[in-house]
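Assemble the complex: chain A is given as a structure, and chains B, C, D and E with the ligands must be docked to it using the hints.
Chains as they are written, first to last, in our numbering: chain A, 1 to 252; chain B, 1 to 254; chain C, 1 to 254; chain D, 1 to 224; chain E, 1 to 221.
FYI, nobody ran anything at the bench for these hints, they're computed from the structure. Accuracy of the hints is not assured; some may be wrong.
Taking lysine-lysine pairs in the DSSO-like style, the calculated list, with each CA pair at most 27 Å apart, reads [said to hold, decoys possible]:
| id | chain 1 | residue 1 | chain 2 | residue 2 |
| --- | --- | --- | --- | --- |
| 1 | C | K21 | C | K169 |
| 2 | C | K141 | C | K117 |
| 3 | B | K169 | B | K21 |
| 4 | B | K117 | B | K141 |
| 5 | E | K214 | E | K135 |
| 6 | E | K135 | B | K117 |
| 7 | A | K106 | E | K135 |
| 8 | E | K214 | B | K141 |
| 9 | C | K218 | C | K250 |
| 10 | A | K179 | A | K106 |
| 11 | E | K89 | A | K117 |
| 12 | B | K218 | B | K250 |
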Amino acid sequence: DTLQTVLDRGELIVGTGSSNPPWHFTDNGQTVGFDADIGHILAQGLFNDPSKVRFVNQSSDARIPNLLTNKVDISCQGMTVTAARAQQVAFTVPYYREGVGLLMLKGSDYADYDALKAAGSDITVAVLQNVYAEEMVHQALPEAEVDQYESQNLIYQALNSRRANAVATDLSTLKWYMKNNAGRYIDAGYSWNPQSYACAVSPDDQRWLNFVNTTLEEAMYGVEFQRYADAFEQWFGERPPAPQTGFPAEMR
Amino acid sequence: MTPIVEVRDLHKRFGELEVLKGIDFTVAEGEVVSIIGASGSGKTTLLRCLNLLEEFHRGDVLIGGEAIGYHLRRGQRVRIGEREVARQRAMTGMVFQAFNLFPHMSALDNVTLGLTKVRGMPRPQAVELADHWLDRVGMLKRRDHRPSQLSGGQQQRVAIARAIAMSPKVMLFDEATSALDPERVGEVLETIRSLAQEGMTMVLVTHEMRFARDVSDKVVFMEDGRIAEQGPPQRLFLNPESPRLQAFLKTSSF
Amino acid sequence: MTPIVEVRDLHKRFGELEVLKGIDFTVAEGEVVSIIGASGSGKTTLLRCLNLLEEFHRGDVLIGGEAIGYHLRRGQRVRIGEREVARQRAMTGMVFQAFNLFPHMSALDNVTLGLTKVRGMPRPQAVELADHWLDRVGMLKRRDHRPSQLSGGQQQRVAIARAIAMSPKVMLFDEATSALDPERVGEVLETIRSLAQEGMTMVLVTHEMRFARDVSDKVVFMEDGRIAEQGPPQRLFLNPESPRLQAFLKTSSF
Amino acid sequence: MDWTYFFNEVVNNRDALLHGTAITFAVSLIAILTGTVLGIVIGIAVTYGNKPLRWPARLYIDIIRGTPVLVLVLATFYVSAAVGLNFNAFQAGALALTLFCASHVGEILRGALQSLSRGQIEAGRAIGLTFDGIFRYILFPQALRYALPTWITAAVEMVKASTLLSVIGVAELLLTTQQIISNNFLNMQFYLLAGVIYFLIDFAIEQVGRFIGRRLDQPTRRTV
Amino acid sequence: MNYHFNFAPILEQWPLLLSGIGLGLLLALVSIAIGSVLGLVVAFASRAPSRWLRSLAFTWISILRNLPILVIVLFLFFGMPQLGLSLDKITSFVVALSLYASAYMAEVFRGGLLSVPQGLVEAGQAIGLTSLRIKRYIVLPIMFRNALPAFGNNFISLFKDTSLAATIAVPELTFYARKINSETFRVIEVWLVASLLYIVCCYAITLVLRAMEKRLVLEKA
Ligand SMILES: Nc1ncnc2c1ncn2[C@@H]1O[C@H](COP(=O)(O)OP(=O)(O)OP(=O)(O)O)[C@@H](O)[C@H]1O
Ligand SMILES: Nc1ncnc2c1ncn2[C@@H]1O[C@H](COP(=O)(O)OP(=O)(O)OP(=O)(O)O)[C@@H](O)[C@H]1O
Ligand SMILES: [Mg+2]
Ligand SMILES: [Mg+2]
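With the rest of the complex left out, here is chain A (with noise of 0.2 Å):
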């Protein structure tokens, strides 16, 4: 019974990664990012106070393993849900919609996705590579160049030397470089290719499961709002929408 032993224990242990912001990443020793604020909010959940959690750095093919073994109570690592994995672990509910968008120089010649769009041939989009890179920009840009380079670095830097007039990456990402570089990128206002990122706990332990998920569910759209909107801000620099009172949307 995993929710006694933590409780038992009087801290949480969340295997994350290292090295990927905004998602986890270490800033003075300290692990941080949108995965740890979701251990965060899970502690204060679990212990009334926010920084009962330790976190266990795991590579990312680490993640099924260390909780099959209960190395870890708990991986929160930007993983993505799909219908294999769910097969071996127990999936929690998603705490971010994952998509493609459009990143552009503020003030480059193309406004927005539409102007884009129109430009056809005569624009050139950044990509990493990656098989389906190409066919993926082209679901939203049918005619644009793809240029595929082989790191991160090298896609902003054929942003910003305007090899390319736009880059396309993880809205995630994407935003991270716009907070971070307030004022010099605009989001194109398209995304697609939407996937979910959630945690995942080990399974057949249904009562933790509950636990995790309602603990989620209120911090996305009851009482503990206020802490996920803030660390959705930080690390994304925009607001989620607040919960409406009276019907709950999110059961619509």
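Here is chains B, C, D and E with the ligands on its own, set in the frame of chain A:
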């Protein structure tokens, strides 16, 4: 008869070192002059001055009556321009100790290069002339060989053809045989001898005393940048006047 | 007196080419033997067999009574191991035409290397011995010079000291003077001569006929891989029997 | 151009730049040292080895020298993981550069050894040295002298090649520069700065090589 | 290791691999052509009578030889637009490689020039050729022939350096190798095939150059 080569009070200095200290001599048309002397006495330098491969700083060199290398402008000696130098060089034909054939060209092309590029001769005519001279030096059969495919003696004969094909007024030979294997020396000397017999004007720097004696009309003995003695070979070799020449002849092999 | 060197029916082949076709000769203690013969007759190859720088495929070479290069195992000739070969090589001292001094070492170190690394002598003792031999060949004053700072003749004298310092039973010289400038030949020959006079056993391959005549106790004339004639120098040089030797001596300079 | 901003950024990022330079030094040094040791073995095998030794060594040299360093770096990084070797980027990169350096050194040593005259080997034999002794006392010390200037050029090559590790995420000087650029967008200035630093390092190595090359009295080559 | 090799998914992509090699060769060829012309100018400058020209030439060589080629590539591609010079990726890469090549070619040609004996120049003078013609008919042809082996080595180096074009999204062999790698995850096979293709190409280039050398290089007389 005006001389083909006339050297007057020629001085040449390398930096501090004065190598030619006032040379006077003439070569008449059809004459063969040998220059002998100890190593370092200035023979090569003198020959190179005649061909303008070295500048000289005092005196005159006249080839066919024309002063070479310099002209007077407002009483000053002025070095002439490059095209003029090139033209004047072609008045003499030079044969080097190290052959200096162009290694990337056949024997034939070595000879035609000057004819087509300097004389401006059309190629068929140049080839005809080159063939004539290659035949004369006995190298016609090897006209399409590269220098690397020829023996030293054969290379030197091609080099002679290359020089003489330009119809120079005078041929200059700088120890043309001393880089050769002993058994190759004869063929080159033979070639030179036959040119001499046909009346070609020549100046030879040589260490082959016997050859110098047999072939020359005049022998010039140089000693430390000066001409110590000159005259017909019979007199010079049999009755050398200066003790220096006597000593020199004693150490030379015949 | 048992001979220092005994060669019996020595055959040596390079691929198809048989270079030594059955050589028999002996060198007694203190004897000086010169090997003469035309170029390509096999002199160098014979000498190199004595030093095991070449393998031979038939016959025996005994140095100080010990068969070198091979031993018999179950009636089969078997090449001996590397350490054994090295030990046997040190029984003879070889002086090469091209000196082959180690260019990165001083004259002294060239001599001490074998003493310390092969003989296992402590360095002070090796230096003392090396100095002794360098002095003997007149090179003590240059002991700290590199080969590149020495003339050819000086290098060869160091090479002689290097070989003899190992106290070989016999010294082998392969045209020790033919890579030298004419004016340097004398100093090396003088060194060899004085070693001969002190009773060193030596085998010399040489083209210096006069020297061979003066210094040798026995002269061996080789012709096409065989010994055509051998005997005391007076007889060989004054009354050659074979027409081949007569012809050879005629073309050689004394 | 706003140079004050640039200088401020240089000062702000000095620790990162120093760290990157240190990584560049470290990885180059590892590659040069271990690569040299390995390369010496390979060079000896190629020059004096018997067939079963010579062939693999020759093949090694030809294969590594026929492959672009970038491909070598990428291949080492990905393949080492695929065969279950748990190298991080730094280790994989250092390994790739080491392999590269070894092939260079092997080839350099072969050239140097082969330029030594056979006569010296024979002279060594004649005084009774075994091959071991001949190599230790005669061949190797001379080969070192010949090879030293080229070896130092190879060291410069290693420093230059270390930039390729940026591609697999080793935070050496170039990647550090790129990271800084991604924050301040001073592409030109910071690439220029990186270029200057690389130039200074390489130029210094080159000058040291020149100096040593002049100091060493080169043994005269003989072809007898 | 019981790894099951499967080359099919990689070899299926042969048109990509081939086009990658083709582009690499083309980049190398164009770069060495431009680099040679520049290098020749620098080589002559390095032997010019003017002291100023000479030190300019040596500075040029020294700077370019001591810079990592990747830094030059990135500087030109990402840095130069800041100065308003925005060449497209292929042009920009060719410029980088040509500059780099020019330093090496300058050294090659310098060596080649030094290897032309002064006696040949004098022989040309003696038959009355002007200095321009001596350069054209004697010095340059001999220099080129002497420089050919070093030229070949440089060409192979440059061909290998074209792999760096992948970093600025130029689709040559390394670029496609990475792409196929991320698609098939046949890591070992991908890199084996890529290396092999490079090695084979280098070897083929060597053979062609050897054949040329055999015809052109001058044996010692
Ligand atoms: N380019 C030069 N620079 C300086 N000194 C030179 C140069 N060429 C020749 N000399 C010097 O000029 C002197 C005469 O040299 P030259 O070559 O004319 O002599 P030579 O009589 O031809 O001798 P040899 O018989 O040895 O060929 C010598 O002392 C030589 O060292
Ligand atoms: N390593 C070798 N491989 C093949 N043939 C060789 C080798 N060494 C020598 N020969 C041949 O063996 C023959 C004898 O050579 P050797 O050097 O013993 O002659 P030599 O009498 O010393 O001649 P020289 O007076 O020219 O030195 C020659 O025909 C030579 O070409
Ligand atoms: Mg002379
Ligand atoms: Mg011999």
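Hint check results:
1. C:K21 to C:K169: 26 Å, holds
2. C:K141 to C:K117: 24 Å, holds
3. B:K169 to B:K21: 26 Å, holds
4. B:K117 to B:K141: It holds: about 24 Å lies between the C-alpha atoms, which stays within 27 Å.
5. E:K214 to E:K135: 24 Å, holds
6. E:K135 to B:K117: Between K135 (chain E) and K117 (chain B) the Cα gap is close to 13 Å, so the pair holds against 27 Å.
7. A:K106 to E:K135: 57 Å, violated
8. E:K214 to B:K141: At roughly 24 Å apart (the allowed maximum being 27 Å), K141 (chain B) and K214 (chain E) satisfy the hint.
9. C:K218 to C:K250: Roughly 20 Å separates the two Cα atoms, so the pair holds.
10. A:K179 to A:K106: Status holds; Cα separation ~13 Å.
11. E:K89 to A:K117: 23 Å, holds
12. B:K218 to B:K250: 20 Å, holds
Going down the numbered hints, you'll see the structure goes against just number 7.
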